[in-house]
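Numbering-wise, the first sequence is residues 19 to 129 according to this note's numbering.
Simulated from the structure, these hints should not be mistaken for lab results.
There could be a bad hint or two in this list.
Stated by the list, open to error - Cross-link-like lysine-lysine pairs, in silico, DSSO-like; alpha carbons within 30 Å at most:
1. K90 to K41
2. K55 to K90
3. K94 to K73
4. K55 to K41
5. K55 to K73
6. K41 to K94
7. K73 to K41
Said to hold, decoys possible - Taking CB as the label site, the calculated pair distances span:
8. F121 to G53: 16 to 24 Å
9. Q115 to T70: 31 to 39 Å
10. S56 to L128: 19 to 27 Å
11. A104 to N25: 28 to 36 Å
12. N25 to E103: 28 to 36 Å
13. Q84 to G106: 16 to 24 Å
14. D112 to G46: 15 to 23 Å
15. L128 to Q96: 27 to 35 Å
16. T70 to V108: 30 to 38 Å
17. R83 to V108: 13 to 21 Å
18. E35 to P129: 12 to 20 Å
19. E105 to L127: 13 to 21 Å
Note that this is a predicted model, so its numbers are computed, not measured.
Cβ coordinates follow ideal geometry from the N, Cα and C atoms, glycine included.
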Amino acid sequence: MMSKSENFFEQVYQVVEQIPYGKVTTYGAIAEFLGSKSASRMVGWAMNNAHTLVKPVPAHRVVNRQGLLTGKMHFKGQSMQERLEAEGIVIIDDQIQGFESVFWHPNTLLP
DNA sequence: GTGGTGACGACAC
DNA sequence: GGTGTCGCCACCA
Numbered sequence: 019m020m021s022k023s024e025n026f027f028e029q030v031y032q033v034v035e036q037i038p039y040g041k042v043t044t045y046g047a048i049a050e051f052l053g054s055k056s057a058s059r060m061v062g063w064a065m066n067n068a069h070t071l072v073k074p075v076p077a078h079r080v081v082n083r084q085g086l087l088t089g090k091m092h093f094k095g096q097s098m099q100e101r102l103e104a105e106g107i108v109i110i111d112d113q114i115q116g117f118e119s120v121f122w123h124p125n126t127l128l129p
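Let the hints inform the model, and build the full structure from the sequences given.
Here it is, written out as structure tokens:
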């Protein structure tokens with residue numbers, strides 16, 4: 019059968035792609051949704067691997083628990099901040115303003 | 001097969 | 001209250 023390892027990453031990609039426009043989520047929230055809240059590092063690593071995916075993943079909508087654009091350095095072309103601002107999100111000093119207002123929980127996918 | 005690393009988070013001191 | 005350390009799981013050398 020298929021490797022279970024892909025399931026974890028697959029879940030991360032699925033959740034990230036389901037992030038609605040103008041909303042953002044955190045690594046910890048995704049990790050928690052997957053069942054391992056402490057596996058936030060794995061979520062970040064999944065984003066790194068998402069780079070190799072054929073399917074586009076809005077990784078720019080994923081920030082750390084503080085609402086800081088920690089992974090912006092990994093983005094090519096336009097900055098991560100520009101993309102978020104284009105969605106109506108206000109960012110000052112790499113920090114999302116009203117982070118709680120734009121914070122989207124993966125749990126929203128559940129009924 | 002082992003060790004080190006990583007776009008983080010929470011806890012201990 | 002800031003700093004330091006561990007934990008989590010998967011990938012690379």
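These are the hints, each one checked on the structure:
Taking the CA atoms of K90 and K41, the gap is about 16 Å. The hint holds against a cut of 30 Å. Pair hint K55 plus K90 holds up; C-alpha atoms about 22 Å apart against a cutoff of 30 Å. Straight-line distance between C-alpha atoms of K94 and K73 comes to about 16 Å, which keeps the hinted pair within the 30 Å bound. The hinted pair formed by K55 and K41 meets the criterion: a straight-line CA distance of about 20 Å does not exceed 30 Å.
The straight-line distance between the Cα atoms of K55 and K73 is roughly 26 Å, inside the 30 Å bound, and the hint therefore holds. Taking the CA atoms of K41 and K94, the gap is near 21 Å; set against the 30 Å cutoff, the hint holds. Taken as a hint, the K73 and K41 pair is honoured in the structure, with Cα atoms around 20 Å apart against an allowance of 30 Å. At about 20 Å, the beta-carbon gap between F121 and G53 stays in the expected band of 16 to 24 Å.
Hint check: Q115 to T70, Cβ distance near 32 Å, so the stated range 31 to 39 Å holds. Against the hinted window of 19 to 27 Å, the Cβ-Cβ separation of S56 and L128 comes to about 21 Å, which satisfies the hint. Between A104 and N25 the beta carbons are some 32 Å apart, a value that agrees with the proposed interval 28 to 36 Å. In this structure, N25 and E103 meet the distance hint of 28 to 36 Å, their C-beta atoms being roughly 34 Å apart.
Checked against the hint of 16 to 24 Å, the C-beta distance between Q84 and G106 comes to roughly 20 Å, which is consistent with it. Separated by about 18 Å at the C-beta atoms, D112 and G46 satisfy the suggested range of 15 to 23 Å. Under the hint 27 to 35 Å, the C-beta atoms of L128 and Q96, about 33 Å apart, fit the expected range. T70 and V108 have their C-beta atoms about 31 Å apart, which keeps the hinted 30 to 38 Å range intact.
Restraint check, R83 to V108: a C-beta distance of roughly 19 Å satisfies the suggested window 13 to 21 Å. Hint check: E35 to P129, Cβ distance near 19 Å, so the stated range 12 to 20 Å holds. Checking the proposed 13 to 21 Å range against E105 and L127 shows it holds: the Cβ atoms sit about 19 Å from each other.
Going down the numbered hints, you'll see the structure goes against none, and every one checks out.
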